[in-house]
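*Asks:* The residues making up each chain are set out below.
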Amino acid sequence: MNKSVESQVEVESTLGSLPVTENERLWGFWDFTWLNVSLAIATWAFLIGGATALMVGFTEGVAALLIGNTIGGAIMLLGGPIMTQRYGIEHFTLLRSVLGKVGVGIMVFVVVLLVGVGWHSILGLMVGRAFVQVSNQAFGTSHDLNGAVVSAVAILSLFVAWMVVSRGPKLIGRLNRFIAPGLVIITVLMIVMLFSHTTLEQLSAAPALAPFEDPRLNFAMAIEFNVGAAIAWWQTIGSFGRLTKTPRTSIWGAYIGLLFGSMIAGTVGLAAALALGEADPPAWMVPLGGPVIGVLVLAFVAFANITSVASAAYPTVLALKQAGGRALERIRWPVITGAYILLTMILALFPALMVEKFQLFVTLSGGVLASVCGVIAADYLVLRRQVIEIPELFRPAGRGAYGFHGGVNLGALLAMIAGIFVFMYLYNPITLATREPFAAVTASVPAVLVAGLVHLVAAHLLYRRRGLGGYRAKDMFAIAAADKKNEGANI
Amino acid sequence: MVECVIPGTLADKDVEPHVTIESNAIEFDRELDRRMLILTTLEADSPVHRRLTGKQFAIFVAVTLAICAVGAGVAAL
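Residue numbers (my numbering), protein chains in the order written: chain A, 21 to 511; chain B, 8 to 84.
So here's chain A without its partners, still in its complex pose (with noise of 0.2 Å):
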């Protein structure tokens, strides 16, 4: 074990959620920009168009893609980087304001920690995926595309991406440099390919690949699916844009760059699955590209999907380890990784589940990640008016101005849970009964709403009326600011 890995963790772990400074800021508008574009295109990114296009055709699916990443992606940064850009702390150090330490600690250990699983195993069983289409194509193999080498090809992925990420962030970044290039790449090698396949007029003809009966309902199940995928980014954006340098760049440099990137990504998806009757991006990248173009691009997405695990497990990890306090303090940063790695690695023993319950497991943290991002925004900037007490984030659990209930706000709690009750009410992706709303303003925004209107009741009546919770915070930085312009006056 490196040692200096353990130190990178270390500091990560505690000084790391202490806030950055200007001068520790990274990025302005383009840079942001670029990044999340850089982001969007990933490989996930096919699979969601190409899943997009079994509900609806080429134009509805464009049209599902523009509509739901738009909404996703606006409750996404309603929950996340308006605040982590503020104050520049670390994302699950702030959200103790909202939810309070024991309260951040059970939404990782439930929410955050399920979302990753689910989402890595899926990209581990991608290259499983990836591994037999070529086997297939290039070898003359009959594989199973759900069968038990997909499996062995996954985990061994997995098990790749923990070698990589239990070797700390530095490693990590330098694989990272030539993934976003590549997959851009990619992505304009796919175009050419497709309309060297294909016209326009025969996408916008060719008919969704399993949709229901019901076409305006298939239109909602799609767009709730993308609002679905976008506000996943929740995790990722929220911890950027503690290191963006104005509220600016962090709203309109997420929003654009997410939206485009994902935009294009999703749309290459959708048009292959459409033009080749395929959802699966392993399983028409081949009969696109060619036997030697498309073998390379597999291999390609294989190595970008490996990556993906080790970059995004390692904040994911992080936000574990931080929030386990001193029962994961001790345990060594291989080993953890190694048991989140493992539980990814149990999944993927089921790749016919994984693959079929894709659309559920999208939709479904999607409502979930919806209520907690509208008690968030209702939280920070309704009832807290953008205003947060630093040191008390650092106090124990349940001391301090965000002790609330032994470390819980249990007003944000309550209007999680109505949030998701009113989600699932309206649309329930495991039976797929809707109710007539729906189709007009899909489940997540009601959720949001719900969650918010019952988070501002709520921790008004719990706490805020009472004097606790911190709701009546004074702005430190104008306070500040006030005090350096009389300063100055006096001088």
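Source of the hints: derived by calculation from the structure; they are not laboratory data.
If you anchor each label on the Cβ, the simulated ranges turn out as follows: (1) 425/A to 34/B: 29 to 35 Å; (2) 311/A to 53/B: 52 to 58 Å; (3) 65/B to 311/A: 50 to 56 Å.
Just so you know, these numbers come straight off a predicted model, no measurement behind them.
Where is the CB? At the ideal position from N, CA and C, for every residue including glycine.
Since the structure of chain A is already known, use the hints to place chain B on it.
*Replies:* Here is chain B on its own, set in the frame of chain A:
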């Protein structure tokens, strides 16, 4: 994903604190104090820490609704 995927910044500085919040709160508190001082003096009136204004929020909502309207228009084609 791209470079700088890691949310923190201090890891790049080769700092080796050998502490955790629980085992050595003094170093943590000292660093927190140092940063609070910077935030409330050097950066007190910096645009970095400006609040999101009502106007900015209204523009954000309006743009969101406008893009959704464009999407609905595309779907109607």
